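Enquirer: Okay, here's what each chain looks like letter by letter:
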Amino acid sequence: MSADSIRETVTKIYEDINSQSLEKGDVLINTLHAIQDHYGNFIPIEAAEVLKELTGTPLSKIYEVLTFYTMFSTHRRGKYVIRICKSLPCHVTGGQEVVDALKNSLEISFGETTGDGLFTLEETSCLGLCGVSPVMMINDEAYGNLTKERVSEIIDSIVSRERGE
Amino acid sequence: MPAVENTVLICAGGACISAGEKSVKEVFEDTLKKYSLETVVRVVETGCMGACDLGPILVIYPEGVFYQKVNAENAAQIVEEHILKGRVVERLLYKGDTGELKTKPQEELPFFTEQVKIATRNLGVIDPLSIDEYIARDGYFALHKALFEIGPEKVLETLKKSELKGRGGAGFPTWMKWDFTRKAQGDTKYIICNADEGDPGAFMDRAVLEGDPHTIVEAMTIAAYTVGAQKGFVYVRAEYPLAIERLTFAMEKAREYGLLGNNILGTDFSFDLEIRIGAGAFVCGEETALINSIEGKRGIPRVKPPFPANKGLWGKPTLLNNVETYANIPPIIINGGEWFSQYGVEGSKGTKVFALAGNVKNTGLVEVPMGITVRKLIYDIGGGIPGGKRLKSIQTGGPSGGCIPLEHLDTPITYDNLKKLGTIVGSGGMVVMDEDSCMVDVAKYFLEFTVEESCGQCTPCRDGTRRMLEILERITEGEGTMEDLDLLKELGENIMATSLCGLGQTAPQPVLSTMRYFWHEYEAHVLEKKCPAKRCKPLMRVVIDKDKCVGCTACARVCPVNAISGAVRKPHEIDPEICTRCGSCLAVCRFNAISKVSP
Ligand SMILES: Cc1cc2nc3c(=O)[nH]c(=O)nc-3n(C[C@H](O)[C@H](O)[C@H](O)COP(=O)(O)O)c2cc1C
Ligand code: SF4
Ligand code: SF4
Ligand code: FES
Ligand code: FES
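Just so you know, the protein sequences line up as chains A and B, in that order. Numbering-wise, the first sequence is residues 1 to 165 according to our numbering. Numbering-wise, the second sequence is residues 1 to 599 according to our numbering.
Isolated chain A, as found in the complex (with noise of 0.2 Å):
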């Protein structure tokens, strides 16, 4: 990854959020989001920069944006971002359980990655899925009515499906 081409990268995304916005500027967060997406669960520090020439912004307040929101991560993450949610209605139906189950099949804590680079696990407030609980989302995709033993399972499943490609 070299500074040319993230220069060139977050250019592109940075032109096209801000082709599609009704209001130019101030789609600073689209953007990260779209980095992020991009580089797939992270944001080069160097896009800061970038970003700063672009949007004339100080440095200084795009860190603050940065470090502001929990979703932006500048270190580089997992290939499956684990969220697992910590919220009320998933401890009182047995979120702890299952936390500790995660943190026992993968061997880290909050805010580490595997080994292998292939979880990063991090807590989350309320998915807004309280009618399954306990909750998880991986990248995207959200596991409801989890167990010691579904925990098990679906990581059991995307480490054999990435050991398998």
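Hints were generated in silico from the structure; no laboratory data involved.
Within a straight-line C-alpha distance of at most 30 Å, the following computed BS3-like cross-link-like pairs (lysine-lysine) qualify: (1) A/K148 <-> B/K361; (2) B/K489 <-> B/K529; (3) B/K253 <-> B/K22; (4) B/K253 <-> A/K24; (5) A/K24 <-> B/K183; (6) B/K316 <-> A/K61; (7) B/K530 <-> A/K148; (8) A/K103 <-> B/K596; (9) A/K79 <-> B/K22; (10) A/K148 <-> B/K537; (11) B/K389 <-> B/K102; (12) A/K24 <-> B/K231; (13) A/K24 <-> B/K311; (14) B/K534 <-> A/K103.
Estimated spans, in silico, between C-beta atoms of each pair: (15) B/P412 <-> A/H38: 51 to 57 Å; (16) A/L22 <-> B/N335: 28 to 34 Å; (17) A/S157 <-> B/I150: 52 to 58 Å; (18) B/M176 <-> A/S2: 54 to 60 Å; (19) B/G96 <-> A/Y63: 56 to 62 Å; (20) B/P412 <-> A/H75: 49 to 55 Å; (21) B/V543 <-> A/I158: 35 to 41 Å; (22) A/S157 <-> B/G86: 32 to 38 Å; (23) B/E573 <-> A/S157: 36 to 42 Å; (24) A/N139 <-> B/E573: 40 to 46 Å; (25) A/S60 <-> B/Q342: 51 to 57 Å.
Note that this is a predicted model, so its numbers are computed, not measured. By construction, the Cβ of each residue, glycine as well, lies at the ideal position given by its N, Cα and C atoms.
Based on the hints, put chain B with the ligands in the right spot on chain A.
Expert: Showing chain B with the ligands alone in chain A's frame:
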């Protein structure tokens, strides 16, 4: 083309999808193809049907047979038995309390029959991707009526008569907001929909966006016409990708049909919408923080006044409402204000969508007239508490709210009544907790949330909540003192009085409310070093009853930390120094020999 003989509705709400709906649909359609039935059976994916705990749900018409907890394995069987042979698959029917089969629970169970669906009228009924189905259910009629029959003044009058109040938490009269924005000076005005739904335990906005996105497009367009706005933004949290996808699709279709964009319905009124996505900050649900976030900044709340109606997005007059609030607008315009206000009670008119979550049998969404009692909502509609447990309390209003204890179960749910009890209706999340929940732990849980989510702008909110959390941690570890309890109260009241936005102003509520109703639990933690619910790990132990243990070794085999010792067929023992209180052994002992004790 052969005539369609069966229509099959599959719930494709977020909860059912997360429970496996996609593979159910795939197998179902493959099996239809296998028997060449794909042209006579129409499969429609709908939004949330409400009864999420029964999902994935599949309803077969014309009969209306309701199948629950369908999975990839038995989806084929429904085709082979029900569709091909006309035989109902009993195994997948809903079973009542005494085990009796119910073919059509949607026509029998209070969970369904007690509901009055206005905001959620189309959920689980139409295909959210089909604008034609929306139109067939009177969709965009309200927009037409506003534009061609009644005009902006009458729209306002109708809203006023309806007495609709904001469903996003604060409960401010909707017509007044619309009126302020209409009267505000300025040529450029904006409409915003708050779809940042962050209250833990609330999921009605998600369901509306996913199950009936056109209602939001229509309502926002009516709002724009009424207040004189040209552009609108829907601020959706990034955790709701499906909602974003379906809303985007709905907006495209609406533009295609001339219902959004330039010259709507051939008039000279133009209005367009755009989606802006959140990025995981709860405080962005606060209206001024949300406005900052749309502007591409950190989502920190602004000082009010000025209110958004006068100085909002990019400093222009802005009307901001919640998803559920908007979803009520089209039917109110069509049927009239009095029609809406016939439901509900004085001061709290119309219906409200409640999300039932936690330890309640029927988790999911229900829309009922306001003024219903808590008891009716939890027991008749919610089906009571599962697993033979006893109800302890109901948390409402998320981190800004408080709890309703048993002694107030007969309270009719209104804005005023809940306020008197020290909580709020909020966005309508109802987290039901059984006897196994520790109320000190619950309070601590909410404070962890607030500490995490405070934007950090105000010292009392940033540091004060952290201090409250530290105290609660001490208490749940058995290190608390009675002075700590006084300090908690004092800190709480101080934070509420001196914070800038609603987050800080209400953050201590869950603590103060549980202290008010469950003082004895706080005392037990402090004075007796005891957690009555046996939830706080430092205050409880897991023990094996020597007289009941037969030495089967089942517990020793599941213990992840090897805390259990004992010879085969001899009573086993747990080393409290090693045991992490994970509870795994409790679940596997078939002789009921293991239990939690406190202290
Ligand atoms: C910390 C905080 C979080 C909020 N979160 C939401 C939210 O997620 N959704 C929402 O509609 N309103 C939320 N609100 C309330 C909004 O500020 C605002 O009152 C509401 O969206 C107005 O819409 P309504 O009048 O239709 O209810 C929140 C308020 C605070 C203080
Ligand atoms: S009360 Fe808390 S969340 Fe609200 S503005 Fe102040 S610091 Fe931020
Ligand atoms: S509670 Fe968990 S750690 Fe403790 S003895 Fe049982 S299985 Fe082992
Ligand atoms: S609390 Fe976990 S999804 Fe709502
Ligand atoms: S998502 Fe299917 S019933 Fe709620």
